[in-house]
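Sequences and hints are given; from them, build the entire structure.
Number of protein chains: 2
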Amino acid sequence: MKEWLSTTLEALNLVETMEQPDGFTRLGYSEEETASMSVFRDVAETLGLSVRRDQAGNLFARWGGKTDHVVMTGSHLDTVENGGGYDGAAGVLCSLGAVKALKERGFKPHNPIEVVCFASEESARFGVSTLGSKSVAGILDKSVENVRDRHGVSIKDAVESTGLDWSSIEEAERTKDEILSFIELHIEQGTQIEDHGAQFGIVRGVACPIRLKVKVEGMAGHTGTTPMGKRKDALVALAPLITFVSQEAEKLSNQSQKPLVATVSTMNVKPNVMNVVPGQAEAGIDIRSVDDALKRSMADKIIEKCRSLENEFNVTINIETLVDNPSILLDEELTARVKRAGESLGYKTFEMDSGAGHDVMNMAVKWPSALVFIPCEKGISHHPKEYSSLEDLHAGVEILAEVLQQEAGE
Amino acid sequence: MKEWLSTTLEALNLVETMEQPDGFTRLGYSEEETASMSVFRDVAETLGLSVRRDQAGNLFARWGGKTDHVVMTGSHLDTVENGGGYDGAAGVLCSLGAVKALKERGFKPHNPIEVVCFASEESARFGVSTLGSKSVAGILDKSVENVRDRHGVSIKDAVESTGLDWSSIEEAERTKDEILSFIELHIEQGTQIEDHGAQFGIVRGVACPIRLKVKVEGMAGHTGTTPMGKRKDALVALAPLITFVSQEAEKLSNQSQKPLVATVSTMNVKPNVMNVVPGQAEAGIDIRSVDDALKRSMADKIIEKCRSLENEFNVTINIETLVDNPSILLDEELTARVKRAGESLGYKTFEMDSGAGHDVMNMAVKWPSALVFIPCEKGISHHPKEYSSLEDLHAGVEILAEVLQQEAGE
Chain V
125 MKEWLSTTLE
135 ALNLVETMEQ
145 PDGFTRLGYS
155 EEETASMSVF
165 RDVAETLGLS
175 VRRDQAGNLF
185 ARWGGKTDHV
195 VMTGSHLDTV
205 ENGGGYDGAA
215 GVLCSLGAVK
225 ALKERGFKPH
235 NPIEVVCFAS
245 EESARFGVST
255 LGSKSVAGIL
265 DKSVENVRDR
275 HGVSIKDAVE
285 STGLDWSSIE
295 EAERTKDEIL
305 SFIELHIEQG
315 TQIEDHGAQF
325 GIVRGVACPI
335 RLKVKVEGMA
345 GHTGTTPMGK
355 RKDALVALAP
365 LITFVSQEAE
375 KLSNQSQKPL
385 VATVSTMNVK
395 PNVMNVVPGQ
405 AEAGIDIRSV
415 DDALKRSMAD
425 KIIEKCRSLE
435 NEFNVTINIE
445 TLVDNPSILL
455 DEELTARVKR
465 AGESLGYKTF
475 EMDSGAGHDV
485 MNMAVKWPSA
495 LVFIPCEKGI
505 SHHPKEYSSL
515 EDLHAGVEIL
525 AEVLQQEAGE
Chain X
125 MKEWLSTTLE
135 ALNLVETMEQ
145 PDGFTRLGYS
155 EEETASMSVF
165 RDVAETLGLS
175 VRRDQAGNLF
185 ARWGGKTDHV
195 VMTGSHLDTV
205 ENGGGYDGAA
215 GVLCSLGAVK
225 ALKERGFKPH
235 NPIEVVCFAS
245 EESARFGVST
255 LGSKSVAGIL
265 DKSVENVRDR
275 HGVSIKDAVE
285 STGLDWSSIE
295 EAERTKDEIL
305 SFIELHIEQG
315 TQIEDHGAQF
325 GIVRGVACPI
335 RLKVKVEGMA
345 GHTGTTPMGK
355 RKDALVALAP
365 LITFVSQEAE
375 KLSNQSQKPL
385 VATVSTMNVK
395 PNVMNVVPGQ
405 AEAGIDIRSV
415 DDALKRSMAD
425 KIIEKCRSLE
435 NEFNVTINIE
445 TLVDNPSILL
455 DEELTARVKR
465 AGESLGYKTF
475 EMDSGAGHDV
485 MNMAVKWPSA
495 LVFIPCEKGI
505 SHHPKEYSSL
515 EDLHAGVEIL
525 AEVLQQEAGE
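Chains as they are written, first to last, in my numbering: chain V, 125 to 534; chain X, 125 to 534.
Mixed in with the good hints, there may be bad ones.
Copies of the same chain look alike in the list, so a pair counts if it fits in one copy or across any two.
As the list claims (entries may be wrong) - Distance condition first, Cα-Cα at most 30 Å in a straight line; then the derived BS3-like pairs of lysine-lysine:
#, residue 1, residue 2
1, LYS126, LYS339
2, LYS337, LYS472
3, LYS227, LYS509
4, LYS382, LYS472
5, LYS509, LYS356
6, LYS337, LYS266
7, LYS266, LYS509
8, LYS280, LYS502
9, LYS227, LYS382
No lab work stands behind these hints: they were computed from the structure.
Everything numeric in this text was worked out from a predicted model, so none of it was measured.
This is how it looks when you write it as structure tokens:
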């Protein structure tokens, strides 16, 4: 199994070795994502599954069953730019591996099992995440069609460039009845499992972000001729906010029961040339906690700080809320069954929250859903050095196989 | 004359009104700069001058003379992105206006007068400034040929796209003997003339910059899953430097005889997406003063601060010196004659330094050179709101005409 996992992981990542200094770039609805999905199709068909592509570009590899009530597992194959080869891919790989393991032990599912490969999970290309799983859950907001990537390509055009028809994307929705449960496996992208001496994580809730765009309007001027005392430098006005967000998040998180994180993750300065004092500076801020009130409190402190920076630096600051989603709680019963399944195999589990969004949060809106984390080295993710060991992937396969066997029945 | 100035200013700027919300974008060696230069040629020929283009793309409009020793005046027509319509254009316009005024009063120059329009003065496109005047002075470093703009076009290719041959650009150099003196008129891009109740500025020296590129290497990670205490956020490490540069420059400037300015003018964050902690952050810093030792001292303080930020935030900071040019002193005798010429017309002058670089700094390396500033409203420059009044432009014409008449002789 481990050799199969290693070879299949490389194949899904379209490489011959996972050592890739520039990492992996498979943006949503790109040729690279399509190529990786095509490998998924080959692997699934080799395992004897029948593969179907839906109207949103998701792939479903189905195995047997005597009912119409699917037990579903899977994740995604797209990545951020120069990301890692495990975020998403590990879940798809372990789901396929679990089917392979069950087949090898002669298991015949009573309810059909489907391994899903969701399209375009990452927000890296369009700033909008989980397009595929939103479509399946019937919660895709079609008004995103004109959102564009940095090359000017709209979501609609990107979707259609893969041979789909945007006007029928809503037909990808699955009914409540069709799916019994959904279990996603994902790399942790943190170090809590390891820090607590466990082998895998059971997730209770997913912390959805508040995202703010802070835009500072100062006054451009020549760097050589605008005396220091006469400037309205937008970047100088914004700089203390970067420090504030980092320090305040750490403080709030330490004071609270649930962790909180906040990040100034994007930054754009205009005109961004050497001899002009920045006239505009724009920052994107990402705030997360399973505790929605704590998240709100952090956002409020940022807004308050902006008001004080406006006065101090004589600039105008506009704050736009891009995203404000309440956190998602996963199904308690299914989560408990997954935990017991893992423990029955001898693995030590750690109950935790997810700071990152995943496809499971959309599935959880409609179906009982659970999320299993496997460790990744040093918590490094969205980075070429992202890594999970073959041992941890193999444990993931065993846990998923155990859960699928229970949920599908024989 | 004022109507001619107004109409010609619009023509050189390729517009029918100077009210342009997005300002003017004529980058060096672009189609827009070429179009503006072609208007210059038409205007100069209409005034009866004969126009020649040299191997660097500079235009020279020559008027009469019984010797081979040219009195030269002029500036440039390229702009920064979304810049103003007076930076450069005012000097070209007033030089043409001075010739027109001298012609109208029946003056016949003994030494030929040339109005020059230098190519690609701004560093906005390639990060390298004054390509045209460097070529004329014979101080162009040809190794810049592969420096590229943000679309990947090299300086060599840009020059050649205007019909020139890069291999012969050095032939644009003029001999010491050919040019008697050079006088540039430019907008002040500051408010010192107005602050001192004067009508024009006489520049003693040009403050050339030290430019640093500061590159912070931290560690990317998922914004939702990397706890605050475990981050190496490159942007958080860089933010205090922005504040430091601004505060320290103001402090040093207040303590010193000569003013100093320092600016974090460019900023690039990687990967610059919402859900990734910044792994890299890069800042461009521009430091200027006519006092070279003061400039050096500011640069040293920045380097020292970076070392302390490295330790505090557990990141690596690399500092590269992009530019370190000593300041240029202009010709004392010519400057004194220009000052007297202006005063003889009843204008009050203010002696000052230039915080910005101009073509004159290259000409000054080889020929006696002077720089005249006219006021611009609120000191706003490199911005769509850049503005000099017709009265100030007209004063510039009168001063230049007086100086050219004296220098060329009859």
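Here is what the structure says about each hint:
In this homomeric assembly, LYS126 and LYS339 never come within 30 Å of each other (Cα to Cα): the closest approach is 50 Å inside a single copy and 41 Å across copies. In this assembly of identical chains, the alpha carbons of LYS337 and LYS472 never lie at most 30 Å apart, being 41 Å within a copy and 49 Å across copies at closest. Proximity of LYS227 to LYS509 under the C-alpha cut-off of 30 Å is found in neither arrangement, the shortest distances being 33 Å within a copy and 72 Å between copies. In this assembly of identical chains, the alpha carbons of LYS382 and LYS472 lie at most 30 Å apart only when taken from the same copy (22 Å versus 69 Å across copies).
For a Cα distance limit of 30 Å, the shortest separation of LYS509 from LYS356 across copies, 15 Å, qualifies, whereas the shortest one inside one copy, 41 Å, does not. With identical chains, the CA atoms of LYS337 and LYS266 are at most 30 Å apart within one copy only, with a shortest distance of 22 Å there and 43 Å across copies. Within a single copy, LYS266 and LYS509 get their C-alpha atoms no closer than 35 Å, and across copies no closer than 40 Å, so neither meets the 30 Å cut-off. For a Cα distance limit of 30 Å, the shortest separation of LYS280 from LYS502 qualifies neither inside one copy, at 37 Å, nor across copies, at 46 Å.
For the homomeric pair LYS227 and LYS382, neither the shortest alpha-carbon distance inside one copy (41 Å) nor that between copies (81 Å) is at most 30 Å.
Going through the hint list in order, the structure does not satisfy hints 1, 2, 3, 7, 8 and 9.
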